[in-house]
Structure formats: structure tokens, C-alpha cells
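Quick mapping for you: the protein sequence lines, in order, are chains A and B.
According to our numbering, the first sequence is numbered sequentially starting from 1.
According to our numbering, the second sequence is numbered sequentially starting from 1.
By construction, these hints were calculated from the structure, which means they are not laboratory data.
Think of the CB as a built atom: it goes at the ideal place given N, C-alpha and C, for glycine as much as any other residue.
Please note that a few of the clues may not be correct.
[Said to hold, decoys possible] To give a feel for the contact side, a few chain A residues facing chain B, derived at Cβ under 10 Å:
#, residue
1, 31
2, 248
3, 302
[Stated by the list, open to error] In silico EDC-like cross-links for lysine to aspartate or glutamate, where the CA-CA straight-line distance does not exceed 16 Å:
#, chain 1, residue 1, chain 2, residue 2
4, B, 24, A, 36
5, A, 302, B, 46
6, B, 35, A, 39
7, A, 16, A, 28
8, A, 302, A, 249
9, A, 302, B, 83
10, A, 302, B, 50
11, A, 16, A, 29
12, A, 302, B, 75
13, A, 302, B, 3
14, A, 302, B, 82
15, B, 35, B, 3
16, B, 24, A, 39
17, B, 35, A, 36
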Amino acid sequence: MSTQPALERRYRSLLKAYPKAYRDAHGEELLSTLMEASDPQARRPALREVFALVTGGFAARARNTRATGVPWWADGLHLGVLVVATTTFATEVSILRMGTHIYLNRPIWTLGAIVLMVAITRGWLRLALPLALIAALDTSRMLFLDGYDHGLIEFGPPYTLLGQMLPFWIIVVGLAVLAVRPGKALPARSWSWLLIPALFWVAECIVPAFTLGYVVPVFTLTMTWQLFLAGVKTLVLGGVVWATVAIRDARWALAAALYLLPGLTFIGETMLLHSEKTLAYWGVLTLLVLASFVAARRTRQKV
Amino acid sequence: MTEATYFILAALLQEPLHGYGIIKRAGEQSAGRVKLAVGTLYGALDRLAEAGLVVIDHEEVVDGRPRRYYRITDEGVTAVREEAVRLQQAARVVTVQIAVMGA
Chain A
1 MSTQPALERR YRSLLKAYPK AYRDAHGEEL LSTLMEASDP QARRPALREV
51 FALVTGGFAA RARNTRATGV PWWADGLHLG VLVVATTTFA TEVSILRMGT
101 HIYLNRPIWT LGAIVLMVAI TRGWLRLALP LALIAALDTS RMLFLDGYDH
151 GLIEFGPPYT LLGQMLPFWI IVVGLAVLAV RPGKALPARS WSWLLIPALF
201 WVAECIVPAF TLGYVVPVFT LTMTWQLFLA GVKTLVLGGV VWATVAIRDA
251 RWALAAALYL LPGLTFIGET MLLHSEKTLA YWGVLTLLVL ASFVAARRTR
301 QKV
Chain B
1 MTEATYFILA ALLQEPLHGY GIIKRAGEQS AGRVKLAVGT LYGALDRLAE
51 AGLVVIDHEE VVDGRPRRYY RITDEGVTAV REEAVRLQQA ARVVTVQIAV
101 MGA
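Chain B with its partners taken away, still in its complex shape:
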């Protein structure tokens, strides 16, 4: 899973979001590190939808412009959780050793 995909799925864990909502949430949750370009976001959403990890939740029109809200599926939650565990285990390899060295 790429970092962008990880943060897109993470952004959708709380509630369905539309395109710009995902960009903002991913930026906040990654402390500004992940700055998704719109073209990149929609390419990733296409792949995630194809893999069954996100679906369209609902659509609305705001100021005459369409907004489509995306929702994470159960498979998506499982995938992002597994990735989080993997990252956590990888981080622990380093943090435990640094803690020992520090002690």
C-alpha cells in the first residue's frame, strides 16, 4: 500500500468524505506531509474502488457543483488496519532498540 493510499483510507475511517474533504483530512492526519494532488487522489480512488476498498456513499450539489462522497468498506478497514499493524511492527523494531541504547 502506498503512503497516499494509506492516508486516503485513514481519512475515510471516521465518516464519508468528498474529494477535497479527503485531501484536507489526509493533510491534517499526516501533519502536512501528504499533499494529495487532485489527479493523484482520483487515480487512487479508482484503484481503491476497483479493489472494493471504497464505494460511493452519496452525491450532492453545492454551489452548482457536484460532490461525490466516498465511504470505506469493511474490506478497506481490514486492509488499512493490517497496514497500520505492519507499520507499527516495523517501527517497533527501531524504537525498542533505540530505547535499549538510550537506557
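Bound conformation, chain A alone:
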């Protein structure tokens, strides 16, 4: 009995590592070459071919995220602003769960955050910039007021540390630079970016751990959650190094640096409160971002 159909089926599964647009354009051609290059008696793909297809698929996906007709730095800045906005608002919208009841702590803030994230995702700078400025001024109100009620409308949380306010100002400055940039308008990004805050908010609705972390049985869950997040961030920044090697410019490195900046500022401001493990963890994240810039520089002219 021929082993070819089983092998072809497995190769087709592996080709799912590539983005759909790439598969539509090159999928049958790749499959044709894979079948020609395979041992006629093989039922399973060779391990080196599996590895090459998975890494090749990831590289194709990374290349697929590039905006056409936009310089790398503008694309990276847009990505960075989007990453900072989605990850910040994922945790800066308070959803409280008391028993079976779920409360939204700041409804206007939440609505504004959703509109802002949609505007950034779609590249609507004229809508995003004023909203981002309001959020930045609002969260930084303790800087220029003394913290008491001055008759201002207070939409969001009042922050006292620079590291907490910085994400909002990074969004403002990033959007302002993109708004005054000459050339082609920014393209819309995938809606899937909005899954970042959506998943966090769903998790807050399901598990009361994030807001009621002082409850003893929940403490372990919170620690597990923090460890999980630390693992995800490390993996994602490792992925940024890899993506940078694949696309050979610093757009993802720039986005990652913007993401990391508020966290590093916060750690710097509160250095004495953190354990050595936490500092080592942030050191690893910083090294990964630096490695991305180095990778971009080293592979820039290489084909």
C-alpha cells in the first residue's frame, strides 16, 4: 500500500504553521516540493523538515504582520502603542466580583478605553489622540493637583508613580508622532489584538483573584497567575527576537522596548520593594529586548 497519502496528509497539517494567505499562494507548491524531496517509503515527515516548516511558518507569519508602504519605525511605533494600550487597559479596568455579582468600577473609563483601543487598532489617529490625552492627563492628575477633589471629572485611577502614568504618555507621544508623520496612512491591525484585554476582563469576571487577592485560598491562585504571566511575557519577548531575525528590522524590537519602558520605570522607582527574583526576571526581559535590537542590526543587510 502506498505511504504517500499519509505523508501528504501530515505535510498538509504542518503547512498550517504558515498564514492562510501564504498557503493560498504557495501551499500546493511547497507540498509538491516536499513530496518530491521525501523518501518514497516514508510515512512521516523527517524531523528536520518538521522543524524547518514550523520555523518557516512562524517567519512567514512575522513577515505577514508588516504594514506595506509604511517605514519600519512607524510600523513599530504603531505596534508598540497598540501593545502598550491593550496590555495597560487589560489590567487598568477594575472588574469586581462579589459572590455572583460583577461590578464595573469605572464605566466611563472602560468605555473610553474600548473606543481608544479600537481607534488605535484601526489606525484612526484623530479619534485616538484626544482620547489618549484625556486618559494621560486624568491618570496623572496627582502630579499637578494635590490629590484632593478639585471639581474635576475623574474617569480613571489616580496614579502617583511615574511608572504607572508612563504607559498613557507613551500612547500619547507615539500617536502624536504617527499623526504628524508624512506619507501613507497607517493600515488597520488585526481585531485579534483586542483579545488581550478581552481575555483579561473575562478572567476577572470568572476568578475574583485579581481584585480580591487578599482572600487566603485565592493567594496561591494569584501567585500561579503571576508566574503564568511572567512565563508568557518571557516567551513573547523570546518570540520578538525570533521575529526580528525573520523580518530583519527593528520594528518588533521597538514595540517591545515601548512595552517594557513603563515596567522598568516602575521597578526603578520601587526597587527596594522587590525581591532579587523579580529583579532578575526584569533583567531577563530587558536582555531579550536588547537582543532583538542586536539581531535587527546584525541581520539588516543579510539575505
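Assemble chain B onto chain A, guided by the hints.
Same frame as chain A, now just chain B:
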């Protein structure tokens, strides 16, 4: 330029080739040292096409399967020639000294 890229461009110097043709030719020309995986080959071809060093020459269907033939461009010939000269100069640094020592 990576070794794989160098041998892919070198394989296309004589005539346009399809994916498996490039794998075979690169293997022969490198005396079996370069064994391109298909995923690696197409990643390199994407980059080379993006840099304008190769283009698609023509397509055909063989046994119901599509084949796309790639052709090296003038820029590609220049790039691989420059790389060959660079490698030759690097090799000469060693071979000349070894020849002197041998003498």
C-alpha cells in the same frame, strides 16, 4: 549572505529551477554539504525575491502538482559574484600562507 542563500543563487546561475531542482543542484554543487530543508528553501526564496535577487520565471503542472521555476536576476548574479570574490579573497589569505610554509 548565508551559505544556504549562496548555494541557492549559485544553483540558479545556469538555468531556472523549481524547488526540488534547487535542492538537488545545491546539494551537488556543495558536494553534499548543503542539504536544504524545504521550509528553509522557501523562506530563503521569499527573502531573495523580496530583495529582487530572484523572480518567478514560469509555472507548470507535473503529475497534477504545481511547479514554480525561479530565475536569478541581474542583481542576484552581481550579489553572488561579489560573495564569491569575497570568499575567494578570504580563502587566499590562508592558502598563500600555507603554500609559503609548505615551500
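Evaluation of the provided hints:
For residue 31 of chain A, the suggested interface contact is upheld, since its CB lies about 7 Å from the closest CB of chain B, less than 10 Å. Annotation: residue 248 of chain A was flagged as interfacial toward chain B, and the flag holds, the nearest CB pair being 8 Å apart, inside 10 Å. Below 10 Å, beta-carbon pairs count as interface contacts, and residue 302 of chain A has one with chain B at about 7 Å; its hint therefore holds. Restraint check: the Cα-Cα separation between residue 24 of chain B and residue 36 of chain A comes to about 11 Å, which is no more than 16 Å; the hinted pair holds.
Pair hint residue 302 of chain A plus residue 46 of chain B holds up; C-alpha atoms about 13 Å apart against a cutoff of 16 Å. Distance check on the hinted pair: residue 35 of chain B and residue 39 of chain A sit about 14 Å apart at the alpha-carbon level, within 16 Å; holds. The hinted pair formed by residue 16 of chain A and residue 28 of chain A meets the criterion: a straight-line CA distance of about 12 Å does not exceed 16 Å. For the proposed pair residue 302 of chain A and residue 249 of chain A, the alpha carbon gap of about 11 Å is at most 16 Å, so the pair holds.
Our distance criterion of 16 Å between C-alpha atoms is met by residue 302 of chain A and residue 83 of chain B, whose separation comes to about 12 Å. Proposed proximity of residue 302 of chain A and residue 50 of chain B is supported: the alpha carbons are some 12 Å apart, at most 16 Å. Under the criterion of a C-alpha separation no larger than 16 Å, the hint pairing residue 16 of chain A with residue 29 of chain A is consistent with the structure, at around 14 Å. With a C-alpha separation of about 14 Å, the suggested pairing of residue 302 of chain A with residue 75 of chain B holds against the 16 Å cut-off.
For the suggested pair residue 302 of chain A and residue 3 of chain B, the alpha carbons sit about 11 Å apart, so the restraint of at most 16 Å is met. Among the hinted pairs, residue 302 of chain A with residue 82 of chain B is consistent with the structure: their alpha-carbon atoms are about 14 Å apart, no more than 16 Å. Pair hint residue 35 of chain B plus residue 3 of chain B holds up; C-alpha atoms about 11 Å apart against a cutoff of 16 Å. A threshold of 16 Å between alpha carbons decides the hint, and for residue 24 of chain B with residue 39 of chain A the separation of about 14 Å falls inside it, so the pair holds.
For the proposed pair residue 35 of chain B and residue 36 of chain A, the alpha carbon gap of about 14 Å is at most 16 Å, so the pair holds.
Of the numbered hints stated above, none is contradicted by the structure.
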